[in-house]
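Trainee: Sequence:
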Amino acid sequence: MSRSRSVSGDVAQGRREARAHQKHKIPTKQYTSKDWRRMQDIITQLYCEDKVTVAELIRRLHGMGFEVNERMLHTRIRKWKIGRNHKSSEMRMAAHLLAEFLDQQQQQSNASGSGPSVTTGKRTMPSFDIRGERVSYNELMRYFRRKKIADPVCWVKEQKDGLDLSEDVVIVVNADPVSVGQARSSEDASDSEHEEFELFIEQVEQTASGHVADNSHITCPMPNEHCLDEGYSTWVGGLPHTNITSSSFSVPTLFRPQSYYAIEQLNQNMMLYMSSYLSSPASKSDQEPVVHAHTVHAIFASKMQDGISLLGNVSPHAAELRRRHPDTSAVEAFSSFRNGFLLVENILKDPSPMSLTLMLSIICDLAVRAAKPSMMSSHVGVILVKLLEYIREMAAAPKVCGPGHPLTGFFDILAREYSSPTVLSSSGSQPVIELILNSLNLALAQLDRSYTSSSPTTLARAQDWKQLYVRERLCDALYYCGSSYQAARLRMRRRLFHDQEARYGRTARNVLWTLTNVADDCLADGDVDQAIGYFQDALDRAETLVDDYGRAKSSFAAREGLGRCWMRKAEKAEAEALWQEEQSRGRVRAENLFGPGHTSLDRNPQTSPNSTCCSCHCHSSSGSHPASSESSTDNTGTSTPTSSGSSTSSSPLQSSQGTRSQGPTGNHHLHQHNSRNRHPDSPAHKRVQYLRKAYGYFVDAEDEARTYFEASSRRITRVSARRQEVADLLGIVATPESSTCSGSGSGSEDEGRGMSADGGRGGDKHQSGGGMLF
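The UniProt record's numbering puts the sequence shown at residues 1 to 774.
Each hint should be verified, as a subset may be incorrect.
As the list claims (entries may be wrong) - Label-pair restraints from in silico Cβ distances:
| # | residue 1 | residue 2 | range |
| --- | --- | --- | --- |
| 1 | S335 | S484 | 20 to 30 Å |
| 2 | A488 | S335 | 44 to 54 Å |
| 3 | Y31 | N110 | 19 to 29 Å |
| 4 | Q45 | E158 | 49 to 59 Å |
| 5 | C154 | S484 | 16 to 26 Å |
| 6 | R37 | I299 | 21 to 31 Å |
| 7 | Y31 | A711 | 35 to 45 Å |
To be verified - Cross-link-like lysine-lysine pairs, in silico, DSS-like; alpha carbons within 30 Å at most:
| # | residue 1 | residue 2 |
| --- | --- | --- |
| 8 | K79 | K157 |
| 9 | K386 | K349 |
| 10 | K372 | K284 |
| 11 | K372 | K349 |
| 12 | K372 | K572 |
| 13 | K399 | K303 |
| 14 | K34 | K349 |
| 15 | K399 | K284 |
| 16 | K34 | K147 |
| 17 | K349 | K303 |
| 18 | K349 | K399 |
| 19 | K34 | K79 |
| 20 | K572 | K399 |
| 21 | K372 | K87 |
| 22 | K372 | K303 |
| 23 | K284 | K386 |
| 24 | K34 | K372 |
| 25 | K147 | K157 |
| 26 | K399 | K386 |
| 27 | K148 | K87 |
| 28 | K569 | K399 |
I should point out that these hints are in silico values taken from the structure, not numbers from a laboratory. Heads up, the beta-carbon is just placed ideally off N, CA and C, and yes, glycines get one too.
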């Protein structure tokens, strides 16, 4: 027995010495009252609301660069009067004093003889001073609710003889009064919170006692490595990974009963991180890079996007040959992913809101692509899972961020929410995407708030380079999230362009890039003409740049965008031409069935006196009325539609006299159809001209990309595929080396003759391949 006591005494003594040594090792810095006031909200949130231990609080403060020891922290907590732990005897004493106060109030009201001076619903309730800390009536009631005591006044009257009461409690009357109605309303509003808290405690207790049901049958809805073939599994396994276990910093899934836990914790971690950064010397010393593309986080984003692009180029027919002959694009894709992973550590060692927001926009891109029903979606999903896990584990490394760093908890929640979401989506997108968008908006709000005191005007804050960068990344994330955020993205991007142009000038590279994005948003919104105007403006500005690479990058984006715009106009013209041809075929069928001069709606075989089957010269009398304002007539008498797509040729035209068809009806309408297609204002002719313009822009963009970018650049791959698509539609065989088309869109007639002897015959050659071509 004496030996065991000696051992336990030695252990206790060792713990005390270790604790004293730990306190001694902590570097002590002197902080002013201003420094403490800056951290007061964070300390209050963590210590009082989140209930973290003092040791954990010190670790988190050290992660923010605020190095304090336990003695300094306790001194400040007592000074601020934010102590959170109250003894049971103190709370019972508060309930006892409350009961005495209510009895005195009742006696005074009875003695007055005029009824109660204040009704129960209007009675103001006292608060309590416990060891220098003010405890409100609501807090007292919440404490007893957690103890399953609904009425502490009645309970203390029944139990007071056997209770141990504290003398450190003083009742405070007429200070911060709270009416009973307000107090009850506040209690009712928090009932669900207490019930969820009790459920949480029960789950924790069940977990500790081993009574939690086995959840091993629940499968993760997101893809994993087992869904990949052997080749891809090998490559994914070759991605960088850490040997850090996540149990030291992550919270088990069973300990998350509330669906809103992820949102609250994610917001808290983002606020802690942003507050730490904005109050650190690094925030003042960070200068805007001369070229953002040369930063580590920009290179990381480029590597990840290269991998995504290469993975999309993997041929589905090569699946059976992957084991013996791996697809070159797949090998290059995973090599690019690996290079991107290796940059994560450098980013996290010196994190900034700019690098964090760029990483989050890339995660949005991966999440959206992983949700698409395509062959590569499962592979992209695995890449995203690996990336989130890798960032989380790398952030937890002691030499990087550490287990208590806000970014560690932030990416831990993202990784868990992607694999096992607990948050319900409100917009139809994935929950992890909504969490990221919410975090980006919160970071932007923190930046704006921090500049309120330093910048005199709202315009000056809006033009700060850090805020502009974060706004640009938020717009990128909204772009990846699809059409559900299109309207908000369009407005936000236009404001961003205005602020960037005011700060950097008309020809800055980021201004030109945002201008092309504004044009792209207009194209996605269906405003093709407005998009062409923006892209052309970007191209004109880019041509004035002195830097060859910057000019090539900006002009490439503008030319590619112009090519896509003219392809969109060609699609609209094709739809209009198809509609007109269908109308013409309907008239032919009607005339074959009922005779010339009749439609399927006119079952009378007699010729209508004021109608003709078409508007050609052979069916129009010399006394016919002039064409309507919605059509134009050339010297042959052929009525052609305007660009609006509505013309009199789409329905039987009205004429002063009706005549029957001369010759076979089918041959006549074929002649009419061909003459109408060759007219410059016909939709079929416009479609060919639009495709020729698109082809010219794509060729010039590809030539410029091959001159200034690497041969494996995703830009070359993308624009080459689009150029070939247009070439197939035009019925030509052209390569970037042999093409001589002008990328500006001028001289389209000569280009067309060089591509095909006749636009109609060139289209007919590919008509069997799908789609109506002329």
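Trainee: Are the hints correct? Go through all of them and say.
Mentor: Hints and how they fare:
1. S335 x S484: 20 to 30 Å: Since the Cβ atoms of S335 and S484 sit about 34 Å apart, the hinted range of 20 to 30 Å is violated.
2. A488 x S335: 44 to 54 Å: violated (37 Å)
3. Y31 x N110: 19 to 29 Å: violated (56 Å)
4. Q45 x E158: 49 to 59 Å: violated (38 Å)
5. C154 x S484: 16 to 26 Å: violated (54 Å)
6. R37 x I299: 21 to 31 Å: violated (39 Å)
7. Y31 x A711: 35 to 45 Å: Distance hint for Y31, A711 is violated at roughly 56 Å.
8. K79 x K157: The hint is violated at about 34 Å.
9. K386 x K349: holds (20 Å)
10. K372 x K284: violated (42 Å)
11. K372 x K349: violated (34 Å)
12. K372 x K572: holds (26 Å)
13. K399 x K303: Holds. K399 to K303 sits at ~25 Å (cutoff 30 Å).
14. K34 x K349: Satisfied, since the Cα-Cα distance of roughly 28 Å is no more than 30 Å.
15. K399 x K284: Distance of about 24 Å is within 30 Å: holds.
16. K34 x K147: violated (39 Å)
17. K349 x K303: Between K349 and K303 the Cα gap is close to 19 Å, so the pair holds against 30 Å.
18. K349 x K399: Status holds; Cα separation ~8 Å.
19. K34 x K79: holds (14 Å)
20. K572 x K399: Not OK: K572 and K399 at ~58 Å, beyond 30 Å, violated.
21. K372 x K87: Status violated; Cα separation ~56 Å.
22. K372 x K303: OK: K372 and K303 at ~21 Å, within 30 Å.
23. K284 x K386: violated (34 Å)
24. K34 x K372: Roughly 51 Å separates the two Cα atoms, so the pair is violated.
25. K147 x K157: Holds, at about 16 Å.
26. K399 x K386: holds (21 Å)
27. K148 x K87: At roughly 17 Å apart (the allowed maximum being 30 Å), K87 and K148 satisfy the hint.
28. K569 x K399: The hint is violated at about 56 Å.
In terms of the numbered hints stated before, the structure departs from hints 1, 2, 3, 4, 5, 6, 7, 8, 10, 11, 16, 20, 21, 23, 24 and 28, listed from lowest to highest.
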